[in-house]
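Trainee: Each chain, written out:
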Amino acid sequence: MTYSLDITKEHCPMTFVKTKIELGKLQSGDVLNVRLSEGEPLENVPKSAAEQGFKVLSVTPAEIKGIYNVEIEK
Amino acid sequence: MSEEKQSKKLSIIAFSGDFDKLTAVFTLATGAAAVGYEVNLFFTFWGLDAIKIKQGRSPVGKGFLPKVFGIFMGGLKAAPVSRLNFLGASPKIFRYMMRKKNVATLEELVSAAKALKVNFYACEMAMHILGLQKSDFIPEVKDVLGVATFLNLSEGGQTLFI
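Protein chains in written order, with this note's numbering: chain H, 1 to 74; chain Z, 1 to 162.
Derived by calculation from the structure, the hints in this document are not laboratory data.
The beta-carbon is built from N, C-alpha and C at its ideal position, and this holds for glycine as well.
One should not assume that every hint holds.
Unchecked claim - Restraint ranges, calculated between C-beta atoms of paired labels, are given here:
1) Z:126 with H:58: 46 to 54 Å
2) Z:68 with H:62: 51 to 59 Å
3) Z:65 with H:62: 53 to 61 Å
4) H:31 with Z:65: 53 to 61 Å
5) Z:149 with H:27: 30 to 38 Å
6) Z:151 with H:1: 42 to 50 Å
7) H:27 with Z:151: 51 to 59 Å
Here chain Z stands alone, though its shape is the one from the complex (with noise of 0.2 Å):
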């Protein structure tokens, strides 16, 4: 592996808990990482679903008002479709046609990104408000981070926003 290729970084700020968006947080993660990018995801807001263990609706989250949202929000299994969701049907519309097409589902791209060994951090001031606590994402969650150290990370590479 060329020094050049090592040096190429790749940061995503994975922002949305839609279903569309993470596909394509995870697809442009693991195919980066499988070219050799170094991959940083940090999940704040409503990406923060997408790295809960409880993939379902789940009182997860401290006082009552995080556990209400947490129930409503859910886990990856329950991200909604940004546009045309039609009551939570689309998401499984969509994993059907994605299987049916070979295309990977976000399950596959999640599990593929965590072979590729890309690095995954939560922001800790969305989990603050959100009353999430680190043992409530996957073990694969590096770290809890805010924005300096995001930007730290960050530098030299690419940053996108989803």
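One chain only, chain H, in its complex shape (with noise of 0.2 Å):
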């Protein structure tokens, strides 16, 4: 299943929190398609989710100038 996350008006430490709590109620094998930021959020929401052994499997622009949509698998 795929799922969906706007976090592009958050801030620290809600960009992260968010997404970690939707991963959480995610099946494995579920992908989260996470909306953000450029900045903090497009710095830190693929890399912690890859530590957290999660697989981010694509980051790409959005149609918005400054808002990426990162794809992470569970």
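Both chains are given apart, each in its own frame, so use the hints to dock them into the complex.
Mentor: Below you can see the structure in the form of structure tokens.
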């Protein structure tokens, strides 16, 4: 299953906190598509997810400048 | 999750019952828990206000003086700002500004801390002085501890006093 989460309006620490809580609800193999802003969230969310043992499938720029989509597999 | 990550630990002594300092406590706690730290929050003295079930001003506590303290101190919703409190107007203004700027409010941080399984502990000695019991606190409070147990829990990690 693929789920989505928009954290473009969030700030530290809720960017990764919300991602982590959302990932916690998923089953192994599910994918979470996280929409986030460049800067701190873009630098830290994929890195933190990978460090926690999740698989970062892709990081792609969204249609709006400064916004990115990050696919994370549990 | 790697072995190294699992062994990371942050313990915070939450001494202050101030809105801004509690915001710092819960920001650090949720941020650390989200990146895989074991997080222990040890609430003592004014910090105990943050974990009361009754979040407003209420005569919580056994005995006359504890009840008076309970009314004056209140719970999480009554937490004052450490500077420029303006008789309680500032926390309301802060909450408004935080919501407006999409920064997590203290209440959101507390519920995130619960969701991330942050460990909440209460100080036995301070509870005794203030006439408080474990049943006065939110159910997430795992245990009532003394210094020795806290030192054991925090051993091998980072400890902060806020």
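Trainee: The structure should be examined with respect to each hint, and the outcome stated for every one.
Mentor: Okay, the hints, checked on the actual structure:
Between residue 126 of chain Z and residue 58 of chain H the Cβ separation comes to about 50 Å, which falls inside the hinted range of 46 to 54 Å. At roughly 56 Å, the beta-carbon separation of residue 68 of chain Z and residue 62 of chain H lies within the given 51 to 59 Å, and the hint holds. A hinted range of 53 to 61 Å holds for the C-beta pair residue 65 of chain Z and residue 62 of chain H, which are about 59 Å apart. Restraint check, residue 31 of chain H to residue 65 of chain Z: a C-beta distance of roughly 57 Å satisfies the suggested window 53 to 61 Å.
Remark: the range hint 30 to 38 Å for residue 149 of chain Z to residue 27 of chain H is upheld by a beta-carbon distance near 37 Å. In this structure the supplied range 42 to 50 Å holds for residue 151 of chain Z paired with residue 1 of chain H, their Cβ-Cβ distance being about 45 Å. Between residue 27 of chain H and residue 151 of chain Z the Cβ separation comes to about 39 Å, which falls outside the hinted range of 51 to 59 Å.
Checked against the numbered hints above, the structure breaks only hint 7 and satisfies the rest.
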